[in-house]
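Engineer: These are the residues of each chain, in order.
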Amino acid sequence: MMRLPPFTYLAPRTLGDAATALAEHGRDAMVVAGGTDLYPNMKRLQFEPKVLVGLRGIRDLRGVRGSAREGLTIGAGTTLSAVAGHPEIAARYPALATAAGLVSSPQLRNMGTLGGNVCVDTRCNYYNQSHEWRKAVGFCMKKDGDICLVAPASPRCWAVSSSDTAPVLWSLGARVRLVAASGERTVEVSALYQDDGIAYLAKQPGEILTEILLPPADGWKSAYLKLRRRGSFDFPVLGVAVALRLEGARVGEARIVLGAVASTPRPADVAAAALVGERLTPELIARVADLAAGPSKPLDNTDFTHPYRKKMTRVFVARALRALAGLDGSGRPVEEVA
Amino acid sequence: MSAERTQGGSSAGSARAIDGGRFGRGAEPPSERKHEFSVVGRPLPKIDAWTKVTGETKYADDLVLPRMAHGKLLRSPHGHALIKRIDAARARALPGVYAAVTGADLPRVKFGILPVSQDEEVLCTEKVRMVGDAVAAVAAVDEETAERACRLIDVEYEPLPALMSIEESLAHPEIRIHEYGDGPNVHKSVALQFGDVEAAFAKADLVREDVFYYEGNTHLPMEQHAAVAHAGPDGKLTLWSSTQTPHYVHRVLAKALDMPAAHVRVVATPVGGGFGGKTDPFAHEIVACHLSRLTGRPVKIALTREEVFYAHRGRHPVLMWLKTGFTRQGDITGCHIKTWLDGGAYGSYGVASTFYTGVINPVTYKMPVYKFEGARVFTNKPPCGPKRGHGTPQPRFALEVQIDKAAEQLGLDPADMRRRIAAEPFTKTANHLTVTTTGLVECIDRVVEASGWRAKWRGWRFRAPASPAQPVLGEASEGAPEGGARRSEAPSEKKRGVGLACSAYLTGAGTAIYWNDMPHSGVLLRADRSGAVTILCGATDIGQGSDSILAYLPAEVLGIAPKDVHVHPADTSLTPVDLGSYSSRVTLMCGMAAIQAAERLKTVIAKAVAGKLEVGPGELVFRDGKVGAPEEWDKAVTFARAVELAEAMHGVLAFPGSYAPPKRAGKYKGGGVGPSPCYSYTACVVELTVDEETGEVELHDVWIAHDVGRALNPLLVEGQTEGSVYMGIGEALMEGQVFRKGVHKQPSMLDYKSPTTLEMPEVHTILVETDDPEGPFGAKEAGQGPLLPVPPAIANAIYHAVGVRCDEVPIAPEMILKGLERRRQGKAARVGPEKIPVFKFKEPLVVESAFGQPAEAIAVRPFQS
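Top line first, the protein sequences correspond to chains A and B. 0 is the number of the first residue of the first sequence in numbering that gives the first Met the number 0; add one for each residue after it. 0 is the number of the first residue of the second sequence in numbering that gives the first Met the number 0; add one for each residue after it.
Don't read these hints as lab results, they were simulated from the structure. Since no wrong hints were added, every one of them can be taken at face value.
One-sided and incomplete, this derived list gives chain A residues near chain B with beta-carbon spacing under 7 Å:
1. M0
2. M1
3. R2
4. S129
5. K134
6. A135
7. V136
8. R228
9. R229
10. G230
11. S231
12. T304
13. Y307
14. V314
Non-contacting residues of chain B with respect to chain A, defined by C-beta distances greater than 12 Å in every case (computed):
15. K365
16. D563
17. G615
18. P843
19. Q852
Where a beta carbon is used, it is the ideal one built from N, C-alpha and C, also for glycine.
Modelling step: build the complete structure from the supplied sequences, incorporating the hints.
Structural biologist: Set out below in structure tokens:
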């Protein structure tokens, strides 16, 4: 079987100790919470940390505080199962509960954390392979190589943002708290990501993501749809997060964010703007879905063909909007929609 | 999952009267038996169920021996390359490394499972032929050290162009993957003809030509291959391995290690899923033995999941051209099939696989004239071999989809058409195979009834596309129901459809892998004074339940409980040879051997007990752990007492049982592949929904009726059937062993897409019993046949739902959208391969068709008395 390479595991009990340990070991260190992404990547030598700073012993990182009326604060170490099953999240931020509940499989959701999913490494089927496989195909720039195997002429890495929760948190207007030994800051989720498969997080190496802050839920409706081959286990190859605030029958505010079609969650702002001030009619939904497909620019480095993922963007955006508009009236259950 | 069983016995079923009722109750026992079944037919747990579910089962990777070292193989990163230099010195120098070897350290012999394809090296010496070929190996204190040491082995390669498809290999005869075979990069070419196909087509009212492609896929067992070798200080060698074929591994070890077979022992550990993937001898098994000889330590090698994808031996990708003539009523006048198999880098079972893409086809339906041409092509990919259904799911897909198309053109209900053309019992096929019983008609009737086919199918909804290449039978086509039959349903992007398909499969290959006149399966049965019976048999339980069968059958014969039978399987030093768990042979062959041994024991016991009770031996009944005369049951002795009486009279009670299949091979070259003691039959209906916006397919229900001859344990048969359905669904909708830039695209459990439980529909299993005279208590196979109709039934249901013909699997959502787009453009809504390779098959061997000749009801078998 594949074995983990040797490493030193530190188990701080406080956030301060964790931040200090991370600062002390610099680039040799990585943090680990659930380990569902990190350990397999270590076995394949995608990550080669000498030191792991374990976050599981830090109580402050777990749990949900506050209320939907004032805004919820979710500890980054809260498991995805706990997020998916949290009654207030399920009722008031349904897209987040849906997205958390669609990550991987039940066993991995019991270990994996919300913070881990927000920070999950970008994926590419030239990169998520063993060291021997990558050697056989010729290493890529994300690890051990010089070029991008998906787009060899490109100067950058095109690995895919593969978080289910990131596009949802972005669409909900969430923020995250980042703590380092030198201090802390709070940033919008939209500012946490950048469109580069390697430097996909706008986060300093010494910073630990500690909390996810959700704004008040009042008046907002949200939905998340996920494209993948199977009903479990698979990462998204397209995610559609939609959040709307309705004013009477008209849309007051709207955000549409696409997952897994770029190295970052990608907002479909033009499409969202076309919703504002309008009634959610089938005609409007069709027009907005077409607009939303514009920013969807997948490449051939995940499951399914990339033209198919592009084509499905329109279908999924339309379905998410129809569900939020209650237009899906044929009596069938709308399975993937929160 | 639900299941039910029926007894065959309609005119379409067995020619022999059916005995016994449901679960062995409620009917008169047959005259040759003294009582109704006590074990056979009961849904008992497997004898290893408790150890499995509690995690007690010791798989090969669970074995830990004192001083054991861990081995690792260094594998080629090149698809095709010459090895210029290889140096393991740096690996040997690493602390913790006990040994590092290359091919130069091993006997220079090639090996392979088939005598005609000895083309594998344990560690490649001059040339590598695929990414994943092993070139060196290390034994070290732990797996981590072994892995690090492998990276220190220096190998200098001179890359050669890698040929990654049938077309590439045929187009580049100047690049040779192997020097042997039936032509440049052609491993095997076969051409057989039974009757005059051209004359048969001339008689037909409709002749269809279609091209199909079936993508390769892999077994994906939960357990990765593992082996532990121990070369003892006495110079003898033991290998524990997760193998389906310990006997063949035994033979290969002796050859590859150049040591006497008499000093080699192979023990098959419990196998955590095989499906044909552990049926070859593998480099890691041989290397573990060699490293153990060098180090004097036990050595374990456990493959990673990625390495299992390279070991492979899975489903061949097959391109097929199929031409069939039909009468207006749906009868087949003749059939001609050409198959091209992408064999990968080595021979493996490929010669047999090539034959199997042709020779089983005439078993399902009346096919009076038949021609088959097949060619297996070498490519620089992991070798393909036997996977559940071995070479037959691919042509079965082609045939069943083509029959569906023909039924549409002829305006026939595809269920009625198949029912009409089902093979007749106790007849021979065009290619001289003997069909004994067949429950196919009953299988069709049962799935039609259970699925509500008549109410759901309701005619052809989409007009068959007329194209110049496809002669359409004018009258029948115009008379065919068309759009008017479409149900009125709410406008929706989700469309429902049903599809049907049938199949047949062999119950054990009629010939061994190497030519010999010895038994295919043997047991040794010993009765103990405790009342226990011990059975030793070389059969390997890969989850199908052969250990349990080996307990049930002696228990049935001797009237004791299965728990009183100790089963010792698959140890070449202790157990008589069973050839292995492949070709659905084990229940029948080891079952027959077990019954024979048990009957021999029973005869001896009866003689002793008869003397004691002063009755005739023929009056005695073995039942409920006792032996006695039914009229004086109060005087019956316990089985343990009966054993004592018998042992006192006869000495040690140990009896062999032997089985070899009837010698029915067709008297022509190639006639040895295809014969089987009997064939199982299956019919399947699938109901599904297609999302016209996404192309996604959702399966709702699968009704599957399987003629298993007799369900020795209906629970196990249902389990095999459901497992086959699951595997068929994966092959139909998502699984693909595919390559990109010369490497396997997704060698992991995450990225090689196989269905999860969430993709499983409700499976309704119906067991049909025909009580075949060749099988143990009438039983046929159940492990492979039920897979076969599933992919074509899905393709046919997709057509019924949305009018798109998918002539290729796996059927991805993109393909369905492409078909729908073509339909919108008024084109033929077909997706699938467009052309066939330019390839000249050799002149066919022309043999007279044996179609319809009567078959003797019960054949004479070797070792029968």
